[in-house]
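Visitor: Residue strings, one per chain:
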Amino acid sequence: MSSAVFSTSAALGRPFVFDGEEMEEVCSKTSEAQLFSEGRPPQRVGSAAFKDKDAKLSGVQTASRLGVRPAPAMASSGIAEMDALTGGLPRGCLTEICGPASSGRTTLLLSALAAATRRGECCAIVDAGNALDPQSVAEAGVELGRLLWVRCGEESPEIQPELKGGPNGAKKNFAKSDSAEQRLEQFLRVTDLLLESGGFGLIALDLGDVPPQTARRISLTTWFRFRRAVEHTPTVLLAVERQSIAGSCSSLLIKLGTHRHRITQTADVKTPALGHAQLLTDLEITAEIVRSRMERKPAGSAEITFASKTAWAG
Amino acid sequence: MPFACIFVPNFSVAAVFRAEPELRARAVAIFEGKPPLEKVFAMNESASRAGITPGMTKAQAELCSELTLRPRSPLQESAAHAALLDCAQSFSPCVEDAAANAAILDLAGMESLFGTLSEIARNLFHCTADLGLDANVAVASNPDAALLAARGFSGVTVIPRGKEAEQLGSLKVEVLFPAQEERTSEQKREAGRLPETLDRWGVRDLRALAALPEVALSERLGQEGLRLQQLARGTASRTLVPVEAPATFEEAVELEYPIVLLEPLAFLLNRLIEQICARLAARALNTQELRLTLELQNLTGADPESDTVGIPSESEAAKSATESQATSQQFVSGRQAKFCRTLRLPLPMLDAKLFLKLLQLDLNAHPPGAPIVKIHLIAEPVRPRSTQGGLFLPPSPEPEKLELTLARIAGLVGKSRVGSVELLDTHRAEGFRLRRFVPGAAPETKHKKSATEEKSAVAALRMFRPPLRANVTWENGELAGVVCTKKKEVQGSVLWKAGPWRSSGDWWEREAWARDEWDIALQSNEGVALYRLVHDLLGGGWFVEGTYD
Numbered sequence: 364m365s366s367a368v369f370s371t372s373a374a375l376g377r378p379f380v381f382d383g384e385e386m387e388e389v390c391s392k393t394s395e396a397q398l399f400s401e402g403r404p405p406q407r408v409g410s411a412a413f414k415d416k417d418a419k420l421s422g423v424q425t426a427s428r429l430g431v432r433p434a435p436a437m438a439s440s441g442i443a444e445m446d447a448l449t450g451g452l453p454r455g456c457l458t459e460i461c462g463p464a465s466s467g468r469t470t471l472l473l474s475a476l477a478a479a480t481r482r483g484e485c486c487a488i489v490d491a492g493n494a495l496d497p498q499s500v501a502e503a504g505v506e507l508g509r510l511l512w513v514r515c516g517e518e519s520p521e522i523q524p525e526l527k528g529g530p531n532g533a534k535k536n537f538a539k540s541d542s543a544e545q546r547l548e549q550f551l552r553v554t555d556l557l558l559e560s561g562g563f564g565l566i567a568l569d570l571g572d573v574p575p576q577t578a579r580r581i582s583l584t585t586w587f588r589f590r591r592a593v594e595h596t597p598t599v600l601l602a603v604e605r606q607s608i609a610g611s612c613s614s615l616l617i618k619l620g621t622h623r624h625r626i627t628q629t630a631d632v633k634t635p636a637l638g639h640a641q642l643l644t645d646l647e648i649t650a651e652i653v654r655s656r657m658e659r660k661p662a663g664s665a666e667i668t669f670a671s672k673t674a675w676a677g
Numbered sequence: 003m004p005f006a007c008i009f010v011p012n013f014s015v016a017a018v019f020r021a022e023p024e025l026r027a028r029a030v031a032i033f034e035g036k037p038p039l040e041k042v043f044a045m046n047e048s049a050s051r052a053g054i055t056p057g058m059t060k061a062q063a064e065l066c067s068e069l070t071l072r073p074r075s076p077l078q079e080s081a082a083h084a085a086l087l088d089c090a091q092s093f094s095p096c097v098e099d100a101a102a103n104a105a106i107l108d109l110a111g112m113e114s115l116f117g118t119l120s121e122i123a124r125n126l127f128h129c130t131a132d133l134g135l136d137a138n139v140a141v142a143s144n145p146d147a148a149l150l151a152a153r154g155f156s157g158v159t160v161i162p163r164g165k166e167a168e169q170l171g172s173l174k175v176e177v178l179f180p181a182q183e184e185r186t187s188e189q190k191r192e193a194g195r196l197p198e199t200l201d202r203w204g205v206r207d208l209r210a211l212a213a214l215p216e217v218a219l220s221e222r223l224g225q226e227g228l229r230l231q232q233l234a235r236g237t238a239s240r241t242l243v244p245v246e247a248p249a250t251f252e253e254a255v256e257l258e259y260p261i262v263l264l265e266p267l268a269f270l271l272n273r274l275i276e277q278i279c280a281r282l283a284a285r286a287l288n289t290q291e292l293r294l295t296l297e298l299q300n301l302t303g304a305d306p307e308s309d310t311v312g313i314p315s316e317s318e319a320a321k322s323a324t325e326s327q328a329t330s331q332q333f334v335s336g337r338q339a340k341f342c343r344t345l346r347l348p349l350p351m352l353d354a355k356l357f358l359k360l361l362q363l364d365l366n367a368h369p370p371g372a373p374i375v376k377i378h379l380i381a382e383p384v385r386p387r388s389t390q391g392g393l394f395l396p397p398s399p400e401p402e403k404l405e406l407t408l409a410r411i412a413g414l415v416g417k418s419r420v421g422s423v424e425l426l427d428t429h430r431a432e433g434f435r436l437r438r439f440v441p442g443a444a445p446e447t448k449h450k451k452s453a454t455e456e457k458s459a460v461a462a463l464r465m466f467r468p469p470l471r472a473n474v475t476w477e478n479g480e481l482a483g484v485v486c487t488k489k490k491e492v493q494g495s496v497l498w499k500a501g502p503w504r505s506s507g508d509w510w511e512r513e514a515w516a517r518d519e520w521d522i523a524l525q526s527n528e529g530v531a532l533y534r535l536v537h538d539l540l541g542g543g544w545f546v547e548g549t550y551d
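Which chain is which? The protein sequence lines are R and E, in order. If you read the first sequence in my numbering, its first letter stands for residue 364, the second for the next number, and so on. If you read the second sequence in my numbering, its first letter stands for residue 3, the second for the next number, and so on.
Excised from the complex, chain R in its bound form (with noise of 0.2 Å):
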């Protein structure tokens, strides 16, 4: 599964040779031509005794010859700030979108989901707090058909009776609420299963509001083996959390947080404290990047603003 690094000094145990460094013995330019005619990477060797080594560890490169793995392929997210601060959601990585409430997560994800989507391509949410508003959903122009949404935890009625206030007004008893590792397992197969089936665009899983503690049970080997499904595919894997939980296997890590809300007058009124004479118009969300593994910038190099606007603001 995982490609390791194999260092011959590390093996011989030697300090670290690094290629700009000079060695007691360097092997003659014919040796040198040798190896290069009997197909083996050129090695640096120090002795006799590291000599009959080497020739044992002859297949393996240097670190300096290492490949460097190519740039994965970007996606738009859908908002140009956004993809000007990225370059766009990586495929084939995990993306991670972090936050605390209110901070833009959901925005974000809704405006990549709407991306996709508009590109033809199929999405899948795995919603682990059954939190997405379907209405947000076809605002942020999602074509509803491409995106196939995942509702973990226990069945439960559709219209919720306490909000129903009918003439009977009847108080139906709630199933028991479904525990939260209940949901985190049922989060966890779902998002192998559609893994495993491939042919998805994006692929959003949604821990926004699982508590960091909870959330933090996922084991960084189950986020190892996401990254691994998506390898080499075109999916984006999204995943928007409060907190980063994924670790390194997180090829790009957004942190998000708002700037502030924007509030518009709708009326004239000598009472401005009056609630309906304003109305929420929109948010501007702060993001930066925490770690990118696109560009090797340092952490928190980068930040921008973006506004989003209500469904109602016109």
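Hints are not guaranteed to be accurate.
[Claimed, not checked] Here are the simulated DSSO-like pairs of lysine-lysine, each with C-alpha atoms no more than 30 Å apart in a straight line:
| hint | chain 1 | residue 1 | chain 2 | residue 2 |
| --- | --- | --- | --- | --- |
| 1 | E | K36 | R | K672 |
| 2 | E | K41 | E | K60 |
| 3 | E | K359 | E | K403 |
| 4 | E | K355 | E | K340 |
| 5 | E | K490 | R | K672 |
| 6 | E | K376 | E | K41 |
For the record, the hints were derived by calculation from the structure and aren't laboratory data. Remember, it's a predicted structure, so these values are computed and weren't measured experimentally.
Position chain E relative to chain R; hints supplied.
Guide: Relative to chain R, chain E alone:
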């Protein structure tokens, strides 16, 4: 004009072997009749060698220890007959249903499609073998000669034009008289008399019969004698009576002992599905609907409509039929209950493994609840899908793989919790439903946007399901604070609010609703967060419905 005939010798045994291939290596006898007068009706060669003869009572046959006895199954025989016709139909559109165990094909014009006559005969032989039947195949210039050759010669026989009398001459006279199971009532009357007469005359083979003088033969045996002589000479001529092959693909198996576990059921289902898939493949058809009927052991003392037996009632099945891909039905006939499951597929498919897995998942989710004594499977045939994925279109999940994945996910989270969203024409909260996810069936958007076109992001709402009951505090007639006991982080002082936005609906129904919505910003320990606060005007409670995120 060439004709081919497919003939299955010892048809009752062949039908049993088709359903239970593992019996081929054993001595098998088929019995029929009402207990205790059951008699052996047919047997294979191994059973004959062991001394079993037709007409033996079941009790006598049971004395043979290595003998396997099976009751005669009209269901299996009709399925084998249908398979025979399917095989014939896959080579020629003009097929005569000559008998339960014989089909005659008109091969005129088929040589350009399927090769020479001998190649067609060989392919017919292999095709019937693939369908689980050991058949004889013969090709001749007239239908009756082909039928006689198929009855008399085992394997593949091709009789060149003009050589019929020569080739058929070596056959015994008995081939002119079909076996008991193939005879019509008229033939049965003649059957006893004519062979005896010919035997007395010393006519043992068709060559001898063909050599008899026609006038003398007609004086003694009448028109029937002349007809038999024409058959023996291979000169009988008639037109085929083509049949329209029935478009029903059904297989059934009756069990000697009731099945209690799903694992052995899957084993039997696999066999039935493979047989149906082979028949569909022979006719170049796929299926989009599989109907499984399980006959259950009598449920004496159990109320069929109660939940105790684990079978969904008819009303429940009808209720769920609109939303679920697999529907169930259960009814009681006499003392035996039938449990039905219908598996509807989004696209025409033909994958036995997939069908088996889907049925297994469905039965796991909806177990029959009683021992199974009979399995009946029907596939609705449809033409295969002919669309091909575009070279430059984005990839989408393979339909077969996706169907299996969706079934597995439905098994994990429930059928009503997986699918694609369909918004309902209502302003009610949660005004949506989930429908089956079929990527190919996604409707085109009215105003098609280019893939590169991007609109500004729309602030999304994250729902709390169920909504969080909130305690609201007021100061000077203004909303001042919100506290949710169930979710500690949703509490704090109201920094800002917009609303109320009033909506109501369905007042003409029992499910009436009326509510005021507020958009509020709460200052909590974690920072400022925006929420949607709802006041249920009919119920009187306050709820935090979701957060803007």
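Visitor: Each of the hints needs a verdict: does it hold here or not?
Guide: Now for the hints, and whether the structure bears them out:
1. K36(E) - K672(R): violated, 80 Å
2. K41(E) - K60(E): At roughly 5 Å apart (the allowed maximum being 30 Å), K60(E) and K41(E) satisfy the hint.
3. K359(E) - K403(E): Since the Cα atoms of K359(E) and K403(E) sit roughly 11 Å apart, the hinted pair holds (cutoff 30 Å).
4. K355(E) - K340(E): holds, 25 Å
5. K490(E) - K672(R): This hinted pair holds, its Cα atoms lying about 28 Å apart.
6. K376(E) - K41(E): With a Cα-Cα distance of about 23 Å, the restraint between K376(E) and K41(E) holds, given a limit of 30 Å.
In the structure shown, a violation is registered for the earlier hint numbered 1 alone.
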